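J.: Letter by letter, the chains look like this.
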Amino acid sequence: DTGVSQDPRHKITKRGQNVTFRCDPISEHNRLYWYRQTLGQGPEFLTYFQNEAQLEKSRLLSDRFSAERPKGSFSTLEIQRTEQGDSAMYLCASSLALGHPNYGYTFGSGTRLTVV
Amino acid sequence: AQKITQTQPGMFVQEKEAVTLDCTYDTSDQSYGLFWYKQPSSGEMIFLIYQGSYDEQNATEGRYSLNFQKARKSANLVISASQLGDSAMYFCAMREGRGYNQGGKLIFGQGTELSVKP
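From first to last, the protein sequence lines are chains A and F. The working numbering runs 19 ahead of the 1-based position in the first sequence. The working numbering runs 5 ahead of the 1-based position in the second sequence.
Just so you know, these hints were derived from the structure itself, not from any lab. Treat the numbers as computed from the prediction; the structure is a model and nothing was measured. A few of these clues could be false.
Stated by the list, open to error - Quick list of the computed label-pair ranges, beta carbon to beta carbon:
#, chain 1, residue 1, chain 2, residue 2, range
1, F, Glu118, A, Gln73, 32 to 38 Å
2, A, Glu102, F, Gly90, 36 to 42 Å
3, A, Gln60, F, Glu22, 23 to 29 Å
4, F, Gln35, A, Arg41, 48 to 54 Å
5, F, Ala76, A, Gln36, 47 to 53 Å
6, F, Gln7, A, Lys90, 39 to 45 Å
Stated by the list, open to error - Straight line, CA to CA, 20 Å or less: simulated EDC-like cross-link-like pairs of lysine to aspartate or glutamate:
#, chain 1, residue 1, chain 2, residue 2
7, F, Lys8, A, Glu63
8, A, Lys90, A, Glu63
9, F, Lys75, F, Asp60
10, A, Lys30, A, Glu47
11, A, Lys30, F, Asp60
12, F, Lys8, A, Glu47
Built from N, CA and C at the ideal position, the CB exists for glycine as well.
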């Protein structure tokens, strides 16, 4: 297993367009998290899944954002009608569930979104 | 509400010297975990060290140690024998809750940019 993979690494889009990012977690990890990180700031939590169930969504996740994890494996994050304020690094992480003795987070390299 | 505060936006250290990066946290939960991550300019988040709220010993991982003071709600990272490759952003983070279906998300601080001088 090569870790958490995110695709694409970079995305430039025009304001108003829709974009979709993909995250492939470590295969045995049943939890998957999405974060957003703007320049000079720490990552901000967006949402997370346990298997295919979306267990928590941040208030940051407006109705233009939607995330899915249909088969409990990879996940997609879609942003509709992008705005310049959506420009950020979008990080994905995966983990085993809390309580597992090997609990720990593995992050992907992120997708950098630029809205022009 | 849970919160992580890192009050040092930037730090400089001479190569081979030790440096302490500050982190304070706020939580009402008795069970929580504290993490430190390194983020080089390439962007990936690299796990450094973990401290559980019930751990009595301070965590250590190679050149990294965590100075955990529970009563003060602080979890400072100490890097010994700094190397040029340690130059990066460092984030403190907290996870609340325990149990299979509880919690799980990390809350991050604002980060500290560490520069190691030759």
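J.: Compare the distance between the alpha carbons of Lys75 of chain F and Asp60 of chain F with 20 Å, and conclude whether the hinted pair is satisfied.
T.: holds (10 Å)
J.: Quick one: are Glu118 of chain F and Gln73 of chain A within 32 to 38 Å, going by C-beta?
T.: holds (34 Å)
J.: Does Glu63 of chain A sit within 20 Å of Lys8 of chain F, going by the straight-line distance between their CA atoms?
T.: holds (12 Å)
J.: Between Ala76 of chain F and Gln36 of chain A, does the beta-carbon spacing fit 47 to 53 Å?
T.: holds (51 Å)
J.: Would you check the hint for Lys8 of chain F and Glu47 of chain A, treating anything up to 20 Å between C-alpha atoms as holding?
T.: Violated, at about 30 Å.
J.: Decide if the proposed pair is consistent with the structure: Lys90 of chain A and Glu63 of chain A, CA atoms, cutoff 20 Å inclusive.
T.: Answer violated: Lys90 of chain A to Glu63 of chain A is near 25 Å, above 20 Å.
J.: Look at the Cβ atoms of Gln60 of chain A and Glu22 of chain F and judge whether their distance stays inside 23 to 29 Å.
T.: holds (28 Å)
J.: Assess, step by step, whether the Cα of Lys30 of chain A is no farther than 20 Å from the Cα of Glu47 of chain A, and give holds or violated.
T.: Roughly 28 Å separates the two Cα atoms, so the pair is violated.
J.: Go ahead and decide if the range 39 to 45 Å is satisfied by the Cβ distance of Gln7 of chain F to Lys90 of chain A.
T.: Violated: the Cβ-Cβ distance is about 31 Å, outside 39 to 45 Å.
J.: So the hint says 36 to 42 Å: do the beta-carbon atoms of Glu102 of chain A and Gly90 of chain F match that?
T.: holds (37 Å)
J.: Mind checking the hinted window 48 to 54 Å against the Cβ distance between Gln35 of chain F and Arg41 of chain A?
T.: Check failed, 38 Å falls outside 48 to 54 Å.
J.: Need the status of pair Lys30 of chain A, Asp60 of chain F: alpha-carbon distance at most 20 Å?
T.: violated (42 Å)
When the structure is compared with the earlier hints, violations turn up for hints 4, 6, 8, 10, 11 and 12 and for no others.
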